[in-house]
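Below, each chain spelled out in residue letters.
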Amino acid sequence: MAKKKFQLSFTPDLVNEPITYRMVKDYDLQINILRAEVNDVGGKMLIEMQGKPDMIKKAVEYLKASRVEVRELKAYVKKDEDRCTHCGMCISICPVDAMCMDPDTKMVSYLPEKCIACGTCIDACPPGAIAFKI
Amino acid sequence: MKRTYEEINRKIEAEDAVVMTAEEVLGLIESKGIEEATKEVDVVTTGTFGAMCSSGAFLNFGHSEPPIKMQHVSLNGVAAYGGLAAVDAYIGATELRNDEDMSYGGAHVIEELVAGKAIHLKANSYCSDCYPRKDIDTYISLKTINQAYLYNPRNIYQNYGLATNSSEKTLYTYMGKLLPHYGNVTYSSAGQLSPLLNDPQLRTIGIGTRIFLGGGVGYVAWEGTQYKTTTATKNGVPVGAARSLALIGDLRGMSPEFVRALNFQKYGLSLGLGIGVPIPILDEDMMRCVSIRDDQIFAPLLDYAVQSRNRKPIKEISYAELRSGCIELHGNQVKTSSLSSYYKARIVAGQLKKWIEKGDFTLTQPVAAMPKERAQKPLEVMSMEDVV
Ligand code: SF4
Ligand code: SF4
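Chains as they are written, first to last, in the numbering used here: chain A, 1 to 134; chain B, 1 to 388.
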């Protein structure tokens, strides 16, 4: 079993396609839609695919063939290191401890492997250093 | 042993002064004791980096041709106060560009000025024989204007209450985002590195004290608004908000690294400022003051779901416990978050230490001391007769 993060972008005509259904049914994947933004110019999604590695590969090929732009992500959010003051406000906000402070350097770092893209930290960051990769 | 300001400054000028940060000196005190540490160290530097809401800058734009009074002034769309002499204005950090969209305001203008960016100035005015012009629309920057200095009425609080939220909904406060059902606890002090906790009676800090302000040099101007000396103490330092200071300093020489616009979502704006104060080790008593550690400094935990000025503290918690990342509350472990950056507070104290070591920054003896006693009055709704 593998787990991968993706950003999908699609044009308005694809909004009604049963894409996630096909991925579950044809490729036996568990799809977790973490964020979705759909408007009149199309849509963007942050998703997590879980399943057999070759099935994930095939699902990505299927998506691309369906004219969905697919980008694999290492992280759902980006922390702007120039803007971050390492205050630590995001730490108690994050439900899965994906923001943590080094006890020696007192620097705050983001652990992308833990992040579930809930977004709670984004409006909690006073200097506005955190943003979704959507 | 005793040391005078003059002796310390002679050593600084000879680049001979021994300087340690308020964090570094703790190790020395532990290994050698107060007496020995007093002999060795001349100056201890403190630092903090946090939200200093009561901040703003005085600006003088220079005169246009023909001249204008500038009654109503805006900078990048943010209103600045122009009820001063012609072409002077005060831009407050918390002023919003737009009440609906709270994401941009005075703090951003100040940060951008410090960063050397162009700022859109618009002003209009009534006309007079002295100032015939009605309006002006132009760009300014730190390079083009005359004076530009911070004057902050209330900065570097000595200590501050902690925040939590007993209610069922998330609260958006100046103490950050508070999750429901006591979901988290936030705090805002550099604790053992914090300037006013290292000289709790303000024996060496008074009007005229030269400080590190926003990456440049500033001075203590006055007692801060809401300065009070009546807060209960523990281990010699106040438990909760007590003294504060009014600070002044040239925006030129400051750096965006230490002057940062902060946006507390759905609450409003603030200015993140790095501030450092040097503490001269005049005698063993001063060394005893700077020996304060996070496990000896306590703050009261307040429930921000109670929307009243009379919140009863739930309990008192030490900064050592807060910094562990988790505190105990009603039998549960609750995660903590700091609003002030200890990482940056360390950089501030370290930078000030370097300036002093290199002989670039000498110490000043206060011109006048801060009030020894001051209580804070609430505001009551009263009649004209009641108040005289
Ligand atoms: S809340 Fe923002 S500024 Fe503070 S540590 Fe987290 S990312 Fe950095
Ligand atoms: S998006 Fe959610 S899970 Fe990810 S770091 Fe922010 S608070 Fe944590």
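None of these hints come from the bench; they were simulated from the model.
The beta carbon of each residue, even a glycine, is placed where N, CA and C say it ideally should be.
You may find that some hints are simply not true.
To be verified - EDC-like, lysine to aspartate or glutamate: derived pairs with alpha carbons at most 16 Å apart:
{"no.": "1", "chain 1": "B", "residue 1": "Lys266", "chain 2": "A", "residue 2": "Asp97"}
{"no.": "2", "chain 1": "B", "residue 1": "Lys335", "chain 2": "A", "residue 2": "Asp82"}
{"no.": "3", "chain 1": "B", "residue 1": "Lys335", "chain 2": "B", "residue 2": "Glu321"}
Claimed, not checked - Only part of the chain A face toward chain B is listed, based on derived beta-carbon distances under 8 Å:
{"no.": "4", "residue": "His86"}
{"no.": "5", "residue": "Ile91"}
{"no.": "6", "residue": "Lys106"}
{"no.": "7", "residue": "Ser109"}
{"no.": "8", "residue": "Gly119"}
{"no.": "9", "residue": "Asp123"}
So, going through the hints one by one against the coordinates:
Straight-line distance between C-alpha atoms of Lys266/B and Asp97/A comes to about 24 Å, which puts the hinted pair past the 16 Å bound. Proximity of Lys335/B to Asp82/A is assessed by CA-CA distance (about 26 Å); at most 16 Å being required, the pair is judged violated. Taking the CA atoms of Lys335/B and Glu321/B, the gap is about 11 Å. The hint holds against a cut of 16 Å. Hint status for His86/A: holds, given a least beta-carbon distance of 4 Å to chain B, under 8 Å.
Interface hint status for Ile91/A: upheld, as the beta-carbon distance to the closest one in chain B is roughly 5 Å, under 8 Å. Hint status for Lys106/A relative to chain B: holds, with the closest Cβ pair at about 4 Å, below 8 Å. Checking Ser109/A against chain B: minimum C-beta separation of about 11 Å lies over 8 Å; hint violated. Interface hint status for Gly119/A: violated, as the beta-carbon distance to the closest one in chain B is roughly 12 Å, over 8 Å.
The beta carbon of Asp123/A comes within 4 Å of a beta carbon in chain B, closer than 8 Å, and the hint placing it at the interface holds.
The structure does not agree with the numbered hints 1, 2, 7, 8 stated previously, though it agrees with the rest.
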